[in-house]
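A.B. asks: Residue numbers (this note's numbering): 353 to 519.
Honestly, the hints are just simulated from the structure, not real lab data.
These numbers come from a predicted model, not from an experiment.
Do not take every clue at face value.
Unchecked claim - Here are the simulated lysine-lysine pairs, DSS-like style, with alpha carbons at most 27 Å apart: (1) Lys514 - Lys398; (2) Lys501 - Lys513; (3) Lys513 - Lys486.
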Amino acid sequence: MDSKDIRAQFLEFFKSKSHKIVPSAPIVVQNDPTLMFTNAGMNQFKDYFLGNKTPDSNRVADTQKCLRVSGKHNDLEEVGLDTYHHTMFEMLGNWSFGDYFKKEAIEWAWEFLTEVCGLPEDRMYATVFEGDEKENLEADEEARSYWKKLIPESRILNGNKKDNFWE
Numbered sequence: 353m354d355s356k357d358i359r360a361q362f363l364e365f366f367k368s369k370s371h372k373i374v375p376s377a378p379i380v381v382q383n384d385p386t387l388m389f390t391n392a393g394m395n396q397f398k399d400y401f402l403g404n405k406t407p408d409s410n411r412v413a414d415t416q417k418c419l420r421v422s423g424k425h426n427d428l429e430e431v432g433l434d435t436y437h438h439t440m441f442e443m444l445g446n447w448s449f450g451d452y453f454k455k456e457a458i459e460w461a462w463e464f465l466t467e468v469c470g471l472p473e474d475r476m477y478a479t480v481f482e483g484d485e486k487e488n489l490e491a492d493e494e495a496r497s498y499w500k501k502l503i504p505e506s507r508i509l510n511g512n513k514k515d516n517f518w519e
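Please construct the entire structure, taking both the sequences and the accompanying hints into account.
C.D. replies: Right under this line is the structure:
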């Protein structure tokens with residue numbers, strides 16, 4: 353599959369899960385003085401997460417053009433050193449505004465990747481948050497329990513706050 357196929361199949365898959373498909377927001381952010389450029393797929397939904405606005409739909413999916421050039425969590429020093437840090441990229445996103453959470457998100461991610469995209473199940477790994485004792489944050493055992501229904505526990509890896517770009 354090429355990127356056009358992946359994008360179309362992603363949007364069609366989430367449409368079948370009752371998601372409203374919304375267009376990519378402009379890469380130059382409008383009406384938000386905190387951002388110059390769209391640097392993440394969630395930017396256009398910021399007011400929903402903050403409770404400033406009510407979404408038209410509790411489930412949406414999109415494909416968002418992003419540009420990263422600086423910021424608090426700047427990863428420009430990683431560009432070119434690996435295959436996943438870029439300055440311009442596209443994020444595929446499925447979003448729930450109080451409608452579903454980890455269980456459905458994990459099950460649908462698995463279904464999309466293995467059944468729609470045809471990725472081999474025996475090569476799939478997952479990460480879950482290991483917790484942070486200093487900040488009194490517990491490990492994400494809820495997500496681990498859902499992943500354990502899909503893959504062997506040996507392929508569920510712990511990730512920490514340093515691993516998680518989006519604190």
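A.B. asks: Decide, hint by hint, whether the structure agrees.
C.D. replies: So, going through the hints one by one against the coordinates:
Under the criterion of a C-alpha separation no larger than 27 Å, the hint pairing Lys514 with Lys398 is consistent with the structure, at around 23 Å. Of the pairs offered as hints, the one joining Lys501 and Lys513 holds, with about 25 Å between alpha carbons and a cut-off of 27 Å not exceeded. Restraint check: the Cα-Cα separation between Lys513 and Lys486 comes to about 11 Å, which is no more than 27 Å; the hinted pair holds.
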